[in-house]
Amino acid sequence: MMAAPAVPKSWYLPSKPHKFCPGCGHGIVLKALGEVIDELDIQNDTIFGCDIGCSLLSWDFFNCDSTQTHHGRTTPVMVGIKRARPELVCIGYMGDGGGYSIGSQHLLNSAVRNEKITLILVNNTNYGMTGGQMAPTTLPGQKTETSPFGRDPQLTGYPTMGPEFLAELTSEGAFIARATVSKYRQLKKHLKNAIINQMEGNGFSFVEVLSTCPTNWKTNAQQTWAFLEDQMEKQFPVGEFKSPWGKGVK
Amino acid sequence: MKSRSFNKGFIYIIHRGGVGFTAKHTARVIEAFIGEYASGKSELAINRALELKSQGRRVTLVDLDTVEPFYTLRPLKSKLESMGIQMIGFSQADSFGLGETGAMLDPRARWALMNEGDILLDIGYGVHGAQALNLVEGVDQTPELKVMAVINQSRPMTSTTRDIQDYLLSLGRVDGIISNTHLGDETTIEIIEQGNHIIMEAAAALDIPVYYVAIDKKLQTEGLENRFPVPVKYINRFMPNAIW
Amino acid sequence: MGKIIGEPKKAFITGNEAVAWACLVSGAEIMFGYPITPQNEVMHYWTRLAPKYDRRFLQTEDELSAGFTTCGAVQSGVKAFTATAGPGNVLMQEPFGMAEAMRLPLVAMIQQRGGPSSGTVIYSQQEVTLTTFGGNGEGHRIVYSTSGHQEIYDYLIKAFNVAWKYRFPVFVLGDGYQAKMREPLEMYDPEDHGIELVKPYPLIGLGGKIGEEREPSHLCNIYSMEEELYDVVMKMAAEYEAITPQLMEWEEEFCEDADILIVSHGVVARAAYDAVKALRSQGIKAAYFRPISLRPFPAQQLRDAIAKSGAKKMLVAESAYGQFERLLKQEIYGETIKIEHLFMPGVGIIDYDVIEKVKSIL
Chain D
1 MMAAPAVPKS WYLPSKPHKF CPGCGHGIVL KALGEVIDEL DIQNDTIFGC DIGCSLLSWD
61 FFNCDSTQTH HGRTTPVMVG IKRARPELVC IGYMGDGGGY SIGSQHLLNS AVRNEKITLI
121 LVNNTNYGMT GGQMAPTTLP GQKTETSPFG RDPQLTGYPT MGPEFLAELT SEGAFIARAT
181 VSKYRQLKKH LKNAIINQME GNGFSFVEVL STCPTNWKTN AQQTWAFLED QMEKQFPVGE
241 FKSPWGKGVK
Chain W
251 MKSRSFNKGF IYIIHRGGVG FTAKHTARVI EAFIGEYASG KSELAINRAL ELKSQGRRVT
311 LVDLDTVEPF YTLRPLKSKL ESMGIQMIGF SQADSFGLGE TGAMLDPRAR WALMNEGDIL
371 LDIGYGVHGA QALNLVEGVD QTPELKVMAV INQSRPMTST TRDIQDYLLS LGRVDGIISN
431 THLGDETTIE IIEQGNHIIM EAAAALDIPV YYVAIDKKLQ TEGLENRFPV PVKYINRFMP
491 NAIW
Chain U
495 MGKIIGEPKK AFITGNEAVA WACLVSGAEI MFGYPITPQN EVMHYWTRLA PKYDRRFLQT
555 EDELSAGFTT CGAVQSGVKA FTATAGPGNV LMQEPFGMAE AMRLPLVAMI QQRGGPSSGT
615 VIYSQQEVTL TTFGGNGEGH RIVYSTSGHQ EIYDYLIKAF NVAWKYRFPV FVLGDGYQAK
675 MREPLEMYDP EDHGIELVKP YPLIGLGGKI GEEREPSHLC NIYSMEEELY DVVMKMAAEY
735 EAITPQLMEW EEEFCEDADI LIVSHGVVAR AAYDAVKALR SQGIKAAYFR PISLRPFPAQ
795 QLRDAIAKSG AKKMLVAESA YGQFERLLKQ EIYGETIKIE HLFMPGVGII DYDVIEKVKS
855 IL
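Chains as they are written, first to last, in my numbering: chain D, 1 to 250; chain W, 251 to 494; chain U, 495 to 856.
Note that these hints are calculated values from the structure, not bench results.
Any given hint could be a false lead.
Chain U stretches covered by chain D per the calculated footprint, using a threshold of three residues with CB under 8 Å from any CB of chain D [said to hold, decoys possible]: (1) 520–527; (2) 546–555; (3) 706–713.
Cβ coordinates follow ideal geometry from the N, Cα and C atoms, glycine included.
Please build the complete structure, drawing on both the sequences and the hints.
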């Protein structure tokens, strides 16, 4: 008999096994997040908000209260809940399309207002759920269904550098980082800090997570990992961009 | 410094070849009407303008409402002009195509105090209170200026002595008060009396004079003036016709 | 909640201020808003009042955000509202659609302005279709069309109660005239008028230990299967229809015997009422009917008015090009009364306009 795999206590078991594609990075992000929720003992106080897109597959992922929103609108829903009930821990979960494209005005303005919420944005360089279209984060030259000859920066610009611009926009108290599913311990550390920062009431917290999408990239396991580590991490440097505690502390 | 600037205004007017700005004419009336949203500023400014006009004086009425420019003098501009009042402020037609509100200042309003004769400034409501007078050049050099706060005690945020005091303090400069309590068509003398009593209490606490109590002409009766401890001015209501 | 007004009192007030006060006495904890004329003074006055009563305000980056933050706040169990107009109402149809789908007790004040597009900032009744049936849903919303400040005040209090009792989004449909005009209002604490305020409750953030004391609350507004969505919408429709008898609001006069029935809504009804009285004094048997709730529409009541009045003609008067008339026609389908109309899109209607129109068609 096979032993059940170790899962975070805050996972909602009736929704497992989850519905993400094999090789998708979402599961890794959500495992790290689940462990953080456990370690901070905030399962009963967490509101998990899901954007539309693949992120939505996580809507019943946790044994926490959660809410579905509209594409790009998770940020204002989290803002509304947090403003109404500041004691709740509001975690918005979205993709690069939802955060950087259709919901960019909400992301930008909630960052400027230093809203005390935590946003996790999963960057897989394309619109996964709708079938692999170009996203704000698609790499130059990368083929997608709407950039069939590769993204041409002359026509469609360069990838959106989220943490970079958010670090510039935000004021004291914000926590801004970029993580990758290829570095689990760092990913978990950033997620934890982004939630502690909200709980301490310091300011806006944001973690972009570089993730994988073999289904739309049409890559095997080796190619998938190579794209993530060699190409994405070159375009999108990982690390902490802003922290209320100073670099390396916590 | 003050008097030198004042002389500059004097010279400016002489240069325009106008009536001139002799000592006799320093008794010109310069009044700014400030107060809460819907307190009756425009109404009282219009009535004051017509009163001065009827005394054979030259009157300029200036629309300085930049927060709420809809329910203002704009729709009444041509009517007032036909009654001999010089109007500074845009007409509705002037704001054509300006979209959202036309919350804008007629440049002539900035120099309004350089006009001859009596000047009445209708200042819109807003968090800046009397500070809106900064929009007008030469305020500091105009000793005749009286900043009049219009108070309607039936307005929910100026309904108690305490509220009125707080409100007056928030305005900045206030030289005097016009007591303008009314309830539109449902106004009674009792409502005005009660409102005036509360306004006078607040005014006394702050040592600000109440210039007069405004009463709709429709309510005028013999000896009504004797019921009030301050002068009574009867006014006509023009603003109900003013919405856009 | 302590008393806010105390002794009921008459105040001289604008409609937008009436909105702010009404939401205050209704127990609204927070407003989310974005500037657009002619509703700005709702925010101006809410922000002046809120700190005194420990209430909150957030000026959001746009109307999408104002609508969605309101959705979030009500999900967490707090009475919240927003206010908008015109193009802002267009943007808010997205969050309003979510409120409809998730049965969120959202309350919004709509101060109609002229359209299409940015139109005018002044006045119109051109947001009837948008407010009643906007979005990609079935119009499972409650819409009250007010005609003056007292109704703005009374119906906003009702809006919060109806929203939290039945969990459908509720809209109070005013207009630029009502927003800006000044008239006396009787202000009161709802309890003093025998109105019990419905208590808000959370849909998420329920407290207690999840997994031990309760299951998690997973709110859903997207469905994978047609059949799933079908069940949801049909259930919603059934629940909406079941409560409609309690929600109907209308006004009528002289409907016992008339040659012409004048139907209007909102501020135009004031002109229509004056016109009916004037026509009666001139010997013309006119009757007055006014739906106050546009969703649900008092269709049976209007059919009854047609029947008992014996009127052969109906005049529909509105400051739009037939939005209200379309709504009315679909609701009284099958009636044979001849329907005439006075459409003045984006323009105010006074009694004279109605009287002249009646004389031209009788």
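Subject >> 8 Å C-beta criterion, at least three residues: is the segment 520–527 of chain U covered by chain D >> reply: Contact hint for the segment 520–527 of chain U vs chain D: holds, 3 residues under 8 Å.
Subject >> Proximity test - 8 Å, beta-carbon atoms, the segment 546–555 of chain U to chain D, at least three hits >> reply: Since three or more residues must qualify, the claim that chain D covers the segment 546–555 of chain U holds, with 4 doing so at under 8 Å.
Original post:
How does the coverage statement for the segment 706–713 of chain U fare against chain D, requiring three or more residues with Cβ below 8 Å from a Cβ of that chain?
Top reply: Answer holds; 4 residues pass the 8 Å Cβ test.
In summary, the structure agrees with every hint in the numbered list given earlier.
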